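Same order as they appear, the protein sequences are chains A and B.
Note that the working numbering has the first sequence beginning at 11, numbered continuously upward.
Note that the working numbering has the second sequence beginning at 11, numbered continuously upward.
Careful: at least some of the hints might be erroneous.
Put simply, identical chains are the same to the list, so a pair is met inside one copy or across any two.
Straight-line alpha carbon distances no greater than 35 Å define the calculated DSBU-like cross-link-like pairs of lysine-lysine that follow [claimed, not checked]:
| id | residue 1 | residue 2 |
| --- | --- | --- |
| 1 | Lys-265 | Lys-26 |
| 2 | Lys-81 | Lys-405 |
| 3 | Lys-81 | Lys-343 |
| 4 | Lys-195 | Lys-14 |
| 5 | Lys-35 | Lys-347 |
| 6 | Lys-411 | Lys-183 |
| 7 | Lys-39 | Lys-313 |
| 8 | Lys-81 | Lys-411 |
| 9 | Lys-313 | Lys-378 |
| 10 | Lys-313 | Lys-14 |
| 11 | Lys-21 | Lys-183 |
| 12 | Lys-284 | Lys-195 |
| 13 | Lys-26 | Lys-419 |
| 14 | Lys-419 | Lys-99 |
| 15 | Lys-195 | Lys-405 |
| 16 | Lys-195 | Lys-245 |
| 17 | Lys-405 | Lys-21 |
| 18 | Lys-325 | Lys-39 |
| 19 | Lys-275 | Lys-155 |
| 20 | Lys-26 | Lys-347 |
| 21 | Lys-419 | Lys-81 |
| 22 | Lys-155 | Lys-21 |
| 23 | Lys-284 | Lys-405 |
| 24 | Lys-26 | Lys-275 |
By construction, these hints were calculated from the structure, which means they are not laboratory data.
Everything numeric in this text was worked out from a predicted model, so none of it was measured.
These are the residues of each chain, in order.
There are 2 protein chains.
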Amino acid sequence: MDLKDLHEHYKEYLNKTVELEGWIKNHRKQAYFGFIDFNDGTCFNNIQVVYTNDLNNFNSISELRIGSAVKVIGTLIESEGSGQSYEIKASDVILIGGVDDDYPLQSKGRPTREFLREIAYLRPRTNLFNAVFRIRSISADAIHKYFQDNNYVYVHTPLITTTDCEGSDQMFKLTTLDMNNIPTKDGSVDFSQDLFGRLAYITGSGQLHGETYAQAYKKIYTFGPTFRTENSNTKTHVNEFWMIEPEIAFCDINKLMDIEEEMLKYVVNYVLEKCPDEIAFCDKFVSNGLKERLTSLINSEFKRISHHDVIDILKSADIKWEFTPDYNEDIAKEHEKYITEYFNGPVFITNWPKDIKAWYMKVNEDGKTVAAVDLEVPGAGELMGGSEREADYDKLVQRSKEMGVDLDKVDWYLNLRRFGTCYHSGFGMGFERLIMYLTGIENIRDVIPYPRTPGNCDF
Amino acid sequence: MDLKDLHEHYKEYLNKTVELEGWIKNHRKQAYFGFIDFNDGTCFNNIQVVYTNDLNNFNSISELRIGSAVKVIGTLIESEGSGQSYEIKASDVILIGGVDDDYPLQSKGRPTREFLREIAYLRPRTNLFNAVFRIRSISADAIHKYFQDNNYVYVHTPLITTTDCEGSDQMFKLTTLDMNNIPTKDGSVDFSQDLFGRLAYITGSGQLHGETYAQAYKKIYTFGPTFRTENSNTKTHVNEFWMIEPEIAFCDINKLMDIEEEMLKYVVNYVLEKCPDEIAFCDKFVSNGLKERLTSLINSEFKRISHHDVIDILKSADIKWEFTPDYNEDIAKEHEKYITEYFNGPVFITNWPKDIKAWYMKVNEDGKTVAAVDLEVPGAGELMGGSEREADYDKLVQRSKEMGVDLDKVDWYLNLRRFGTCYHSGFGMGFERLIMYLTGIENIRDVIPYPRTPGNCDF
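Using the sequences and the hints given, assemble the complete structure.
Right, here's the structure in full:
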């Protein structure tokens, strides 16, 4: 039996014998009785187990440490205490696995998040990370549900690739060669001896491959791990993260924004419904007002405005910017923040200067901007980035050349524009950024189970 | 509007104007009228579009090639033809994107699967691969649904790792170093200059990390890509594949088998319900009797038998084996096949000789076997492999030493046995193997969108 079932149907179990296996989360003992906060990990809220000195093994129970695995047998009764409406009156508490002296989570103080990162294999046992990683799981479920219910095909785009969407200087190289004895030929690495017979990378995006499937199924999405070699130690960078990349044929940028808005609201609403205890905890201990922010997002209408008009607003604001707003440049974090506050809600910023965006985006009729769209969300910053893709072969080839793309490596991608091409759009959403938004957690290392950052690859 | 919606609710649309965007799958034209088999990719079955020479652009419509993207506007009418009960009488067919002369799927012959692998970016447009990759998507959905509905936490275990569960000789090395100019120190690679400051790998299993989360949530699962460097060119090997690895605390090997059986039946049933057209197609063109095999699996009771007893059966069989059955050895493919035929259904084989199984498996009381279990399925071979894990610290350390495991690298994993350890079990299922079983496809390269095999890393 799972504790979750007991919590959900406790009335059915009242005055009946129940049996649970799980861990001791807290333990207060007195001379004649003791209280164990028990949880088996299937839900956020503990249950209180009361034991008294009429049990034969009262003394050994009272010595059980926090973190021990135990089997609890007892009767579910209405509680006289103030903290809960029911509890288990134990007839036995049996030790399954004890805890050594050096268990790092035994003390009652609240360990720092930095310390918990060093014991990442234990941190999901704490209330905070238990909440965060359940929200992560439920969010992933919501994303799959949204796309599957709307008849998108889930595509597993390859991780190992010889094509690069984001630029190979950002990608990890992958090899089976003996690095202490790299074979060479004519003075450079002889990759013919590597497993794939050539230099391979681990991918930074599944978009290009995703587009090939959108041309077959109309609506597809990816959801998988992604890698960047960025040597950057900030609160928002990790070298391995998960990304969702939907791609939709016969879809222009306006419809794309409809989809992004609908999906995000669906996911936020799903998490609010499925994780009320976890969200309440994060609201209280991580980010005050979290629940209200999430609820307000569901009920808001996302604003749509061009990059040009955003710059107008920023320029006319009575603020001394660290970075001067510029019609030809990206916007800075301070600008993102101002704009979402200005509109008091999420903002789609469209039609970006083409030179700061990717080569596959559709150039607008003005010849200066591309049909790209970033979604800025209050408290989260840029949550999604997407665009309508260039569907015309000649225009795409020309643009690729201008941007220095190696045409030989993407010939198959370009061919899509010669074989039944159609207008189509897609976006990418960093999954960790979404989880940061949903939990209020400010450091990306605390929303992914085993964060990989420069110099850090433990466990 | 999606064609899928139209098919599902066609009665509501009869005699009404409909508008669809998609591709021409087939085209038969005559002097005064023509038929287009149209599909937008949202479902398996095409719809027939009829156009006649009272349309102004009759001639240009009649020249449209297979593979072209078009917009169809017309009236949904009851069909007089024999192949379908309704069709679209076109009032217009507008070309969105044409097809160049060299489009490889334009001819009407059936291309070989080998050829289609060379144009992997186009193959989901064929009936066969369209069916296969939709089944793949729906199967993934089923797996997430099963585990989420049963309150498992989905854990994203890391892909980049310095720990190895399966042995680092099986893992790709990952580097940001310039391979033409590898920095050295004291005669060997100076990994301090690599992004993580040490040699990193891309993982072959998420199990060890998964166990750490099972100790927090009781029930978890992973579902992600996995990598092996095996230099093997067979029908069943790829170097990148997807795997599902559930891990359950307070679960012994018997309960594990219950879960495996329940999950597999759930997934097969879900696919039969959601993909009847795709399964019917595979039954007809890929593997006769497929649907019957899948249906029979749902209704069968999985046999449970020890490795020892399997060897007994194999030895007493009146067959000249290529590989002699041996109580201390693994069983061969010919044995797997015989055993599932012998029991006429899926078979769990338990209690394997410890020397041929992994170091983390629980040694049984006999001291010779481990509490491992492989599931053999008729027509699929070994579909899942799992075990109860060794939960005792001292026994696990001893076994690790015997098997040559580097204890320093897995100290955190061993620590789980000192901090509230409990009996627990888990299994792994290769996702591609499942899809091969569900489609009848015999080559693993044909069930993953972009297969990576030795010497092959195109696209």
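Worksheet item: Using 35 Å as the alpha-carbon threshold, which applies to Lys-265 and Lys-26: within, between, both, or neither?
Response: between (55 Å within a copy, 24 Å between copies)
Discussion item. Checking an output row: Lys-155 and Lys-21, CA cutoff 35 Å. Within, between, both or neither?
Written reply: So Lys-155 and Lys-21 pass the 35 Å test inside a copy (31 Å) and across (28 Å) alike.
Worksheet item: How would you classify Lys-284 and Lys-195 at a CA-CA limit of 35 Å: within, between, both, or neither?
Response: neither (58 Å within a copy, 53 Å between copies)
Worksheet item: Between the shortest in-copy and the shortest cross-copy C-alpha distance, which are at most 35 Å for Lys-419 and Lys-81: within, between, both, or neither?
Response: Classified as between; 31 Å across copies, 59 Å inside a copy.
Worksheet item: Which holds for Lys-26 with Lys-347 at a C-alpha limit of 35 Å: within a copy, between copies, both or neither?
Response: neither (55 Å within a copy, 48 Å between copies)
Practice prompt. If the cutoff is 35 Å on CA atoms, where do Lys-195 and Lys-405 land: within, between, both or neither? Let me know, please.
Written response: Answer is neither: 39 Å inside a copy and 49 Å across each miss the 35 Å cutoff.
Fill in: Intra- versus inter-copy proximity for Lys-419 and Lys-26 (alpha-carbon distance at most 35 Å)
This pair counts as neither: shortest intra-copy Cα distance 67 Å, inter-copy 46 Å.
Discussion item. At most 35 Å between CA atoms: does that hold for Lys-411 and Lys-183 within a copy, between copies, both, or neither?
Written reply: Classified as both; 25 Å inside a copy, 33 Å across copies.
Worksheet item: At most 35 Å between C-alpha atoms: does Lys-26 with Lys-275 qualify within a copy, between copies, both, or neither?
Response: For Lys-26 and Lys-275, only the inter-copy Cα distance (33 Å) is at most 35 Å; the intra-copy one is 42 Å.
Practice prompt. Give the relationship of Lys-275 and Lys-155 under a CA distance limit of 35 Å: within one copy only, between copies only, both, or neither.
Written response: So Lys-275 and Lys-155 pass the 35 Å test inside a copy (13 Å) and across (21 Å) alike.
Fill in: Copy assignment of Lys-35 with Lys-347, given that the CA separation must stay at most 35 Å
neither (40 Å within a copy, 49 Å between copies)
Worksheet item: Can you tell me if Lys-195 and Lys-245 fall within 35 Å by alpha carbon in one copy, between copies, both or neither?
Response: between (43 Å within a copy, 32 Å between copies)
When each numbered hint is compared with the structure, violations occur for hints 3, 4, 5, 7, 11, 12, 13, 14, 15, 17, 18, 20 and 23.
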